[in-house]
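Take these sequences, add in the hints, and give me the full structure.
Okay, here's what each chain looks like letter by letter:
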Amino acid sequence: MEAIRDGVRRVGLVWTPWHTTGVIAALALAAGLLPFVKMGLMVNGVILGSIIALGAIGLTLIYGILRFANVAHGDYMTMGAYLALFVVGGVLGRVGIEGSGLGPFTFGYPVLIALPLAAAGVVAGAIALDAAVYRRLRERGVNAVVLAMASLGVAIALRGLVQIVWGGGTEQYPRESRQVYHLPMDVRIHPDALFAAATAVVLVVGVYLMLTRTRMGKAMRATADNPDLALVSGIDTQRVIWWTWAIGAALAAVAGVLLAVFQAQLLPIMGWRFLIPLFAAVILGGVGNPYGALVGAMVIGVSSEVSTQWLNPSYKPAVAFAIMIAVLLVRPRGIFGGR
Amino acid sequence: MEIAGIVSYSVGFAVMAGIYAVFALGLNVHWGFTGLFNIGIAGFFALGAYTSALLTTQPPDPALFEEFKFGGNWSQLGFLDLGVDLWFFLGLAAAAAACGVIALAVGFVTLRLRDDYLAMATLGIAETVRLFFLNEEWVANGSKGLYRIPKFLGEWVSPERYDYLYLVVILVVLGALFLAVERAVKSPWGRVLRAIREDETAAEASGKDVFRFKLQAFILGAVIMGIGGALFAHNVRFLSPLTFDPLLATFVIWAMLMVGGSGNNRGAILGAFVVWGIWTGTQFLPGVFSDPNLRFLAIGVLIVAVILVRPGGILGEERRVARPAEGQAAPS
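As given, the protein sequences belong to chains P and A, one line each in that order. Numbering of the first sequence is given in the working numbering, commencing with residue 1 and proceeding in unit increments. Numbering of the second sequence is given in the working numbering, commencing with residue 1001 and proceeding in unit increments.
The hints are simulated quantities; they were obtained by calculation from the structure and are not laboratory data. These numbers come from a predicted model, not from an experiment. Note that CB positions come from ideal geometry on N, CA and C, so glycine has one too. A portion of the hints provided could be inaccurate.
What the hints assert, rightly or not - Partial selection, computed: residues in chain A whose CB lies under 7 Å from chain P:
{"hint": "1", "residue": "Phe1037"}
{"hint": "2", "residue": "Leu1113"}
{"hint": "3", "residue": "Glu1127"}
{"hint": "4", "residue": "Thr1128"}
{"hint": "5", "residue": "Asn1135"}
{"hint": "6", "residue": "Phe1251"}
{"hint": "7", "residue": "Asn1293"}
{"hint": "8", "residue": "Leu1297"}
{"hint": "9", "residue": "Gly1300"}
{"hint": "10", "residue": "Ile1303"}
{"hint": "11", "residue": "Ile1307"}
Said to hold, decoys possible - Rough simulated footprint, nothing fancy, chain A against chain P, three-plus residues with beta-carbon under 8 Å:
{"hint": "12", "region": "66-73"}
{"hint": "13", "region": "158-170"}
{"hint": "14", "region": "278-290"}
So this is what it looks like as structure tokens:
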């Protein structure tokens, strides 16, 4: 019994005192900083954090179950954003379904239709890549770093593909400018940002329910804990791996679209640049730990936004990197432990 | 193109390929021999290039809109004048030292942890270095870049012949580094590196201080990359943060090492020439085939294909079998 509890704890799907301590510490830190920090930056940070969380949760699941650092994860995000652009402009636009400025948002309902389609496209691509590349390497029993190396090749190829089709410049979803909401304490929040945060919350809750309440979720946790034991207990590990890719890729694709909406632009390098905050969140939370990734994403999101009060905003990735290094110095396995 | 044009083009090509070969050697120390996954070569590249450039360039001239504060002017001071002024090698040494110090700091923090954390750390350094040189105009003129980087022995030959001279310089440095790395990896020290790459736990169990060896290898590789950066700076003689985009400063070098044969120094150099040949050669192809983005895609596919089909690259790693000790019979 103890062993099982320990195993489940390591996969990180049980709330431990460490999680409580971590959250309380984060809240206390936030409260302590409040008098010195613009509230608006904190809010922006939470929104950025929720987008990071979508990417980081998928990344940490892949890390925990397939046991390698998927360097192409950022480019899965880029792919998602550009596939949505293709659906909006190249498919829906051609058949006369157009629109922007839906309600309080800058984008129109075509983006809402494109969102699940883009996610499905990236999921299909991720599973095809697994069958073509990663599965063969796994069967050969290669070292985890070789898998990561292969994912670097995949990342480069995906970005090349995006640039061949769309060129290297910036793109946009069709948009109309919209008023920001003015809230008390001088907080200004864009409706698009609220959309991004709400979508992220829905998906994170969905993943949580999937992991805790379904047979596949249980099988995924078991595989993360001990792949050999999972295999001999009759779990179809290949199916588990495909589900892991599906969840990770779908979350990444949505995160890519949300990032493009939030930043009001698409850029081929957007995903690669986003790798640093993603991995910082994963490492902060402990590899393989989805709760940790969520909390880590919030820490990274808030602190990199808040840093812009004193630093040039373009230093945000460097801030995420510095926090990651600082945490590794104190707690080498991340805030919540992990593998 | 007439013969003279082709010759001068190939000399220019060989200079760049030779510089890339230096990086491939450095990456070979990281990945090929020790299994350290460095995806931020661009960081060491930029650091080495800027260090040597800033130390040797003349002090800034406000009339030329140069906003940086310091130019070491080593190329004019003549304090390593042994008949020939060898300031160039001081620049290389300084670039190497700067990269070594950064590698020591980052390696010290991350090399004790799981091996893939190093990938993130190197990526982080690359991005931080790029942002630093982009935003801090007082250091290296920001996005306007440095454009008065001196030539080594520029007064000896006419500018159109200069590539010939620089090729000799590159080959001398590359040759020296090749011999040094070859010697290092064939020594007992190199044997420990390969043992760590193959099985860290086993190396640890035989009493090797894995962290120390990894740190030394990480520093050695970074030092070589710093030298490569300095060689690049004095060849192109213009540096801006845009020079160090991940494609040409990291990904291409990975492709070179994988294609040539990781774990083999000759392979690393061969790979640099082959991949750089493909890279520059394809721009002469007709129509869509010369699209630079297609080359981008090809680099990625090439890396995956090598891993899947021919993990050893063209040359593969040399098999090194321990020689039987003196006086003992060879195992039958």
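Verification of the supplied hints:
For Phe1037 (chain A), the shortest C-beta to C-beta distance to chain P is roughly 5 Å, which falls under 7 Å, so the interface hint holds. A cut of 7 Å between beta carbons decides the hint on Leu1113 (chain A): the least distance to chain P is about 5 Å, and the hint holds. Using the Cβ-Cβ criterion of 7 Å, the hint placing Glu1127 (chain A) at the interface with chain P is satisfied: the shortest such distance is roughly 5 Å. Because the closest C-beta pair between Thr1128 (chain A) and chain P is about 4 Å apart, less than 7 Å, the hint holds.
Interface restraint check: Asn1135 (chain A) against chain P, minimum CB-CB distance 5 Å, threshold 7 Å, status holds. Annotation: interface hint on Phe1251 (chain A) holds; nearest CB of chain P at approximately 5 Å, less than 7 Å. Checking Asn1293 (chain A) against chain P by beta carbon gives a least distance of about 4 Å; that is within 7 Å, so the hint holds. Using the Cβ-Cβ criterion of 7 Å, the hint placing Leu1297 (chain A) at the interface with chain P is satisfied: the shortest such distance is roughly 3 Å.
About 3 Å separates the beta-carbon of Gly1300 (chain A) from the nearest beta-carbon of chain P, less than 7 Å, and the hint is met. Evaluation of the Ile1303 (chain A) hint against chain P yields a held restraint, the C-beta minimum of about 3 Å falling below 7 Å. With a cut of 7 Å, the hint placing Ile1307 (chain A) at the interface with chain P holds, because the nearest CB-to-CB distance is about 5 Å. Coverage of a stretch by a chain is defined here by at least three residues with a beta carbon nearer than 8 Å to that chain's beta carbons; for the region 66-73 of chain P and chain A the count is 3, and the condition holds.
Judged by the Cβ-Cβ criterion of 8 Å, the region 158-170 of chain P is covered by chain A as claimed, because 8 of its residues qualify and three suffice. Here's how the region 278-290 of chain P fares: 4 of its residues keep a CB closer than 8 Å to some CB of chain A, so the rule of at least three is met and the hint holds.
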